[in-house]
Amino acid sequence: MMNILAFDTCFDACSVAVHSAETGGITTERELMRRGHAEVLLPMIERTMKAAGVAFDRLDRIAVTHGPGTFTGARVGMSAALGASFAHALPVVTYSSLQCVARAAIEALGDEVTHFEGVLVARDAKRDSVFVEVTDMAGDELDAPALLSVADARQVARSRRLFALGSGAPLLAGDDGAQPGGLTTDWPAQSPLGIAEPDARFLLQDAASRTPAQALVPLYLRAPDATPSSRLPLARLVNLPAADA
Amino acid sequence: MTSSAPIIQSPKTECKAERQPRKAAALVLGVETSCDETAVAVVKRLPDGSGAILSNVVRSQWEQHRPFGGVVPEIAARAHIECISDIASEALKTANTQLTDIDCIAATAGPGLIGGLLVGLTFAKSIALAHDKPLVAINHLEAHALTVGLTDSIRPPYLLLLVSGGHTQTVLVRDVADYHRIGSTIDDALGEAFDKTAKILSLGFPGGPAVEAAALNGDPQRFAFPRPLQGRKEPHFSFAGLKTAVRREAERQQPINDQTIADLTASFEAAVCDSVIDRVKLAHRMAVVEIGEPDALPIVVSGGVAANKRLRSALEKFATTIDVPAIFPPISLCTDNGAMIAWAGAERFARGPLAGGLDTSARARWPLDESAAPIIGTGKHGPKA
Numbered sequence: 001m002m003n004i005l006a007f008d009t010c011f012d013a014c015s016v017a018v019h020s021a022e023t024g025g026i027t028t029e030r031e032l033m034r035r036g037h038a039e040v041l042l043p044m045i046e047r048t049m050k051a052a053g054v055a056f057d058r059l060d061r062i063a064v065t066h067g068p069g070t071f072t073g074a075r076v077g078m079s080a081a082l083g084a085s086f087a088h089a090l091p092v093v094t095y096s097s098l099q100c101v102a103r104a105a106i107e108a109l110g111d112e113v114t115h116f117e118g119v120l121v122a123r124d125a126k127r128d129s130v131f132v133e134v135t136d137m138a139g140d141e142l143d144a145p146a147l148l149s150v151a152d153a154r155q156v157a158r159s160r161r162l163f164a165l166g167s168g169a170p171l172l173a174g175d176d177g178a179q180p181g182g183l184t185t186d187w188p189a190q191s192p193l194g195i196a197e198p199d200a201r202f203l204l205q206d207a208a209s210r211t212p213a214q215a216l217v218p219l220y221l222r223a224p225d226a227t228p229s230s231r232l233p234l235a236r237l238v239n240l241p242a243a244d245a
Numbered sequence: 001m002t003s004s005a006p007i008i009q010s011p012k013t014e015c016k017a018e019r020q021p022r023k024a025a026a027l028v029l030g031v032e033t034s035c036d037e038t039a040v041a042v043v044k045r046l047p048d049g050s051g052a053i054l055s056n057v058v059r060s061q062w063e064q065h066r067p068f069g070g071v072v073p074e075i076a077a078r079a080h081i082e083c084i085s086d087i088a089s090e091a092l093k094t095a096n097t098q099l100t101d102i103d104c105i106a107a108t109a110g111p112g113l114i115g116g117l118l119v120g121l122t123f124a125k126s127i128a129l130a131h132d133k134p135l136v137a138i139n140h141l142e143a144h145a146l147t148v149g150l151t152d153s154i155r156p157p158y159l160l161l162l163v164s165g166g167h168t169q170t171v172l173v174r175d176v177a178d179y180h181r182i183g184s185t186i187d188d189a190l191g192e193a194f195d196k197t198a199k200i201l202s203l204g205f206p207g208g209p210a211v212e213a214a215a216l217n218g219d220p221q222r223f224a225f226p227r228p229l230q231g232r233k234e235p236h237f238s239f240a241g242l243k244t245a246v247r248r249e250a251e252r253q254q255p256i257n258d259q260t261i262a263d264l265t266a267s268f269e270a271a272v273c274d275s276v277i278d279r280v281k282l283a284h285r286m287a288v289v290e291i292g293e294p295d296a297l298p299i300v301v302s303g304g305v306a307a308n309k310r311l312r313s314a315l316e317k318f319a320t321t322i323d324v325p326a327i328f329p330p331i332s333l334c335t336d337n338g339a340m341i342a343w344a345g346a347e348r349f350a351r352g353p354l355a356g357g358l359d360t361s362a363r364a365r366w367p368l369d370e371s372a373a374p375i376i377g378t379g380k381h382g383p384k385a
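Just so you know, the sequences run in chain order A and B. Per the working numbering, the very first residue in the first sequence carries number 1; after that it's consecutive. Per the working numbering, the very first residue in the second sequence carries number 1; after that it's consecutive.
In isolation and in its complexed conformation, chain A is listed as follows (with noise of 0.2 Å):
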């Protein structure tokens, strides 16, 4: 049994789950937000160890969300790991947050799991284009998770029997508005609110097993937006030894 400090700023919730190796016990606080996790992580994970009776001295390991997700909010999760990681040489486990969101939602099906062969998990990362996971339905990663377009999110969506869900589903249709076999978007209308939203208590459910990692570098799957300069350049009689040479 592990002592092990979970949370995730990724998206529109900031959630903080300690298991007990001493009690068996999960403590969570979760808070549905789109800004101010750098605000409220830290104090709402003071709040749970303490909750939990779990000392930072006593911790095992640290699971995070390593992204997609909004850069800022990748990095301060990650931060936040890397500074209790770095305070105690702790291992630190990473997931998608997608994954987690995936797991919330086998949890919220309960039975009618059966129905589906996967869970598609989606979220509208603007300019015509989606973060997208796939997991089996015991939330075990299928397809890694990955941006990619609206129309190659809408081949993977049709690849298997899923069930979808995020902000990124309702792009998943038809441009008739179909749905394709099984795909289901808009449940997550129907569904308890939040559940879209990434919340760490999912982190807990392997983090003791799972292989820590190795770089803990967020997962942004999108570039910067910089362009080097395009000014040209003044012409010149004679080149000056470049100064970067």
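Simulated from the structure, these hints should not be mistaken for lab results. These numbers come from a predicted model, not from an experiment. Careful, some of the hints might be misleading.
Below, a list of computed lysine to any residue pairs in the SDA-like style, where the Cα atoms sit at most 25 Å apart [claimed, not checked]: (1) Lys281(B) <-> Gly357(B); (2) Lys126(A) <-> Ile114(B); (3) Lys93(B) <-> Thr27(A); (4) Lys50(A) <-> His88(A); (5) Lys44(B) <-> His88(A); (6) Lys50(A) <-> Gly357(B); (7) Lys133(B) <-> Ala55(A); (8) Lys133(B) <-> Val40(A); (9) Lys126(A) <-> Glu74(B); (10) Lys133(B) <-> Arg47(A); (11) Lys50(A) <-> Leu32(A); (12) Lys126(A) <-> Leu90(A); (13) Lys50(A) <-> Lys133(B); (14) Lys317(B) <-> Glu251(B); (15) Lys50(A) <-> Leu354(B); (16) Lys133(B) <-> Thr27(A).
The following label-pair restraints were derived from C-beta to C-beta distances [said to hold, decoys possible]: (17) Pro43(A) <-> Asn96(B): 29 to 37 Å; (18) Ala52(B) <-> Arg127(A): 49 to 57 Å; (19) Ala223(A) <-> Pro330(B): 32 to 40 Å; (20) Arg232(B) <-> Ala235(A): 30 to 38 Å; (21) Pro212(A) <-> Asn257(B): 57 to 65 Å; (22) Arg127(A) <-> Asp48(B): 42 to 50 Å; (23) Gly357(B) <-> Pro212(A): 39 to 47 Å; (24) Glu90(B) <-> Glu112(A): 46 to 54 Å; (25) Pro228(A) <-> Pro330(B): 28 to 36 Å; (26) Arg34(A) <-> Asp86(B): 27 to 35 Å; (27) Thr94(B) <-> Leu32(A): 39 to 47 Å; (28) Ala296(B) <-> Ala223(A): 50 to 58 Å; (29) Met1(A) <-> Pro330(B): 46 to 54 Å.
Pulled from the structure, derived: some chain A residues nowhere near chain B, Cβ distances all over 10 Å [to be verified]: (30) Met1; (31) Asp60; (32) Val113; (33) Ala138; (34) Glu141; (35) Asp152; (36) Leu171; (37) Leu204.
Ideal Cβ placement from N, Cα and C applies to all residues, glycine included.
Following the hints, complete the assembly by docking chain B onto the known chain A.
Just chain B now, with coordinates in the frame of chain A:
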């Protein structure tokens, strides 16, 4: 204590009675990620107010930003998180210490690029929580302002000239935590003007050293560039027009050769020096009036542009003419670093109750002097306002 520097007692000593100063030596870990340097340091502050740097690890990211001719915020934030843990490990190792021996964790909370600030601040918060240590959220400008206390044992009051890539201001440092901003840039920071000039002339990035090297054999009088705000009674700075003048002249001189580039950059530096000296002269006069000290109020110069030799010697010459000391901390402590953050944290820690809990926000904009009125009419936004 440097022998040349007169030590002037602050007139605001009555504030100190309310504080409960800590008696023991303090070991502080400082984390800086506000722009394009990832930096962590360990600094010790002794009860007599002196300090020592036990480690000061800085990793610059300029290689990653060079293709863009300036700092790209998202690239900066990504680069910080990739190395922050390694830099922190190295800082502890070099200082031959461990987190359990640290008394306080200090991190830059602003002003700066928000993505990077969040990395360092969240990392520091997490360490503070995990080891139950106090966290101090540091204003980056305050850290620059207090560096001379660490390096030269200079105590307030003094006039600070801060010239860097993100900031250009004059600040009357009355005491730790007691600042009055006198002048500030109404457009570009001075370091920005150097970067942009370098970019116009394809000299590379970062622009400061590139412009300085190019200007070495140039004629500073060949081009009569404007001396922005010279003679104006508001003590502010402006460099956007100067940069534009350099661009226009460079375009007019096309095709340009090495000598023209040398003359353009030398003339640019000459204009910068004249403008800065004029502005500092005014700020110093105002500062002296404000504190009512007729005697020498030292001028302290910090920020990356303090490395520029022409500006340095101009400031030294000016200080001599008004018979005040001009103090330049070592260049490595003028540019962004963790030691100055740790030191500012130590100065705060030594004075009792700390600002900055686990819910502290990073602030892109955070004037050192919160009571300072905005510089009206400049249309200025962001950290420079």
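Verification of the hints:
1. Lys281(B) <-> Gly357(B): violated (40 Å)
2. Lys126(A) <-> Ile114(B): Roughly 22 Å separates the two Cα atoms, so the pair holds.
3. Lys93(B) <-> Thr27(A): Measuring from Cα to Cα gives roughly 36 Å; hence the hint is violated.
4. Lys50(A) <-> His88(A): Judged against 25 Å, a Cα distance of about 17 Å means the pair holds.
5. Lys44(B) <-> His88(A): holds (23 Å)
6. Lys50(A) <-> Gly357(B): Judged against 25 Å, a Cα distance of about 17 Å means the pair holds.
7. Lys133(B) <-> Ala55(A): holds (14 Å)
8. Lys133(B) <-> Val40(A): holds (18 Å)
9. Lys126(A) <-> Glu74(B): holds (18 Å)
10. Lys133(B) <-> Arg47(A): Measuring from Cα to Cα gives roughly 16 Å; hence the hint holds.
11. Lys50(A) <-> Leu32(A): Status holds; Cα separation ~21 Å.
12. Lys126(A) <-> Leu90(A): violated (36 Å)
13. Lys50(A) <-> Lys133(B): holds (16 Å)
14. Lys317(B) <-> Glu251(B): With a Cα-Cα distance of about 34 Å, the restraint between Lys317(B) and Glu251(B) is violated, given a limit of 25 Å.
15. Lys50(A) <-> Leu354(B): Roughly 23 Å between the alpha carbons, so the hint for Lys50(A) and Leu354(B) holds.
16. Lys133(B) <-> Thr27(A): holds (24 Å)
17. Pro43(A) <-> Asn96(B): 29 to 37 Å: holds (33 Å)
18. Ala52(B) <-> Arg127(A): 49 to 57 Å: holds (52 Å)
19. Ala223(A) <-> Pro330(B): 32 to 40 Å: holds (38 Å)
20. Arg232(B) <-> Ala235(A): 30 to 38 Å: holds (36 Å)
21. Pro212(A) <-> Asn257(B): 57 to 65 Å: holds (59 Å)
22. Arg127(A) <-> Asp48(B): 42 to 50 Å: Taking Cβ atoms as reference, Arg127(A) and Asp48(B) lie about 59 Å apart, which means the hint is violated.
23. Gly357(B) <-> Pro212(A): 39 to 47 Å: violated (30 Å)
24. Glu90(B) <-> Glu112(A): 46 to 54 Å: holds (53 Å)
25. Pro228(A) <-> Pro330(B): 28 to 36 Å: holds (34 Å)
26. Arg34(A) <-> Asp86(B): 27 to 35 Å: holds (32 Å)
27. Thr94(B) <-> Leu32(A): 39 to 47 Å: holds (43 Å)
28. Ala296(B) <-> Ala223(A): 50 to 58 Å: holds (54 Å)
29. Met1(A) <-> Pro330(B): 46 to 54 Å: Since the Cβ atoms of Met1(A) and Pro330(B) sit about 53 Å apart, the hinted range of 46 to 54 Å holds.
30. Met1: Check passes; 21 Å lies beyond 10 Å.
31. Asp60: holds (14 Å)
32. Val113: For Val113(A), whose nearest Cβ neighbour in chain B is about 36 Å away, the distance exceeds 10 Å, so it holds.
33. Ala138: holds (31 Å)
34. Glu141: For Glu141(A), whose nearest Cβ neighbour in chain B is about 23 Å away, the distance exceeds 10 Å, so it holds.
35. Asp152: holds (25 Å)
36. Leu171: Fine: 25 Å to the nearest Cβ keeps Leu171(A) off the interface.
37. Leu204: Holds, because the least Cβ-Cβ distance between Leu204(A) and chain B comes to about 19 Å, which exceeds 10 Å.
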